[in-house]
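> Chain by chain, the residues:
There are 2 protein chains.
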Amino acid sequence: MEHLCLKNTIRLLQSADQIKARLSGDFASVHGLSVNEVFLLMHLEQAPLHRLSRVELAKRMHVSASTVTRMAAPMEKIGLVSRQADTRDARLAFVVLSESGLEKVKEARVTFAKQATYVFRDRWNDEDLELFSALLHRLIADAPGDLT
Amino acid sequence: MEHLCLKNTIRLLQSADQIKARLSGDFASVHGLSVNEVFLLMHLEQAPLHRLSRVELAKRMHVSASTVTRMAAPMEKIGLVSRQADTRDARLAFVVLSESGLEKVKEARVTFAKQATYVFRDRWNDEDLELFSALLHRLIADAPGDLT
DNA sequence: CCGAATCGCTTGCAAACGCAAGCATATTGC
DNA sequence: GCAATATGCTTGCGTTTGCAAGCGATTCGG
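These protein sequence lines map, in sequence, to chains V and H.
For what it's worth, our numbering labels the leading residue of the first sequence as 291, then goes sequentially.
For what it's worth, our numbering labels the leading residue of the second sequence as 291, then goes sequentially.
Think of the hints as simulated: they come from the structure by calculation, not from any bench.
Among the hints, erroneous ones may be present.
If several chains are the same, the list does not tell them apart, and a pair holds so long as it fits within one copy or across any two.
Said to hold, decoys possible - Simulated pairs of lysine-lysine, BS3-like, Cα-Cα distance not exceeding 30 Å:
#1 310 - 404
#2 349 - 367
#3 349 - 310
#4 310 - 396
#5 404 - 367
#6 349 - 404
Note that the structure is predicted; figures quoted are calculated from it, not measured.
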């Protein structure tokens, strides 16, 4: 039981590293983005008003707040996102998805899907995929910011 | 179908990030190691003669060769691993697990298992876990260095 | 054999990240 | 009201990482 949990966790982490390495190359060469940058855009895409505060992004991406600040800066420079202050709370600085950012994330999603399809290749049928999806969903059910 | 692959990949990556963040804190505070350092030790533990070349480690951990070089250096300093040259091929420099390294990885595995058990908590029974394990196994079946 | 290509490892450099500290703004307790 | 605390964001610093270049060692082709 405990051993099964450990085995599953190890396998999950190893799978993720493997997939991330594959995605990293594609996102960089095709779109000029890192994996985390694509995830940031995807979080904004599914958020109300296409915007999130920096701390909220940090929580959902499991990175520090300073990382979000430093990731957003260059993406703002190239126009993928913009900064928006809150009228109620002057501390908040939303990261807002721009039009070109929305386009970019849609393009990236195609690349993402292509790699994802390759990952599951031929050994998986629809039933397996549904089952796997349901099991994974349990792992992130209580975490904020499910992107699916 | 393609959409299911994408959904599964996203969920898998999000789960992994979440778990990694949890593990990172525990490994650092309890054992003074990073997640990747623990994985390095675990790869050595299950290798023949408890040793692997640097490029082999790099492939299995999905990191660059330079990363392995730089990870091994401090671990060698504190005696967790040692360096061993090959008599046949003078280019090879094996990373060898030491006695204290073996002890360390066994301790870390306990912490690892504890966190893993918490990740799957109560919503999972043995059947689910076995099923999940089998599905994950398909994802890494062809990759070298399965740690389970 | 011997030059050319390959392989394993290391190092310089730049990019990405976390932590701790700092600043400005909000909220709370009295 | 007002100090004390908490929150959101940024910045300085050290650490980790990948890429490209470089170095020896090995292998390959003729």
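> The structure should be examined with respect to each hint, and the outcome stated for every one.
Status of each hint after checking the structure:
| no. | hint | in the structure |
| --- | --- | --- |
| 1 | 310 - 404 | both (14 Å within a copy, 25 Å between copies) |
| 2 | 349 - 367 | within (23 Å within a copy, 35 Å between copies) |
| 3 | 349 - 310 | both (20 Å within a copy, 14 Å between copies) |
| 4 | 310 - 396 | both (19 Å within a copy, 27 Å between copies) |
| 5 | 404 - 367 | within (28 Å within a copy, 44 Å between copies) |
| 6 | 349 - 404 | both (28 Å within a copy, 23 Å between copies) |
Of the hints listed earlier, there is not a single one the structure fails to meet.
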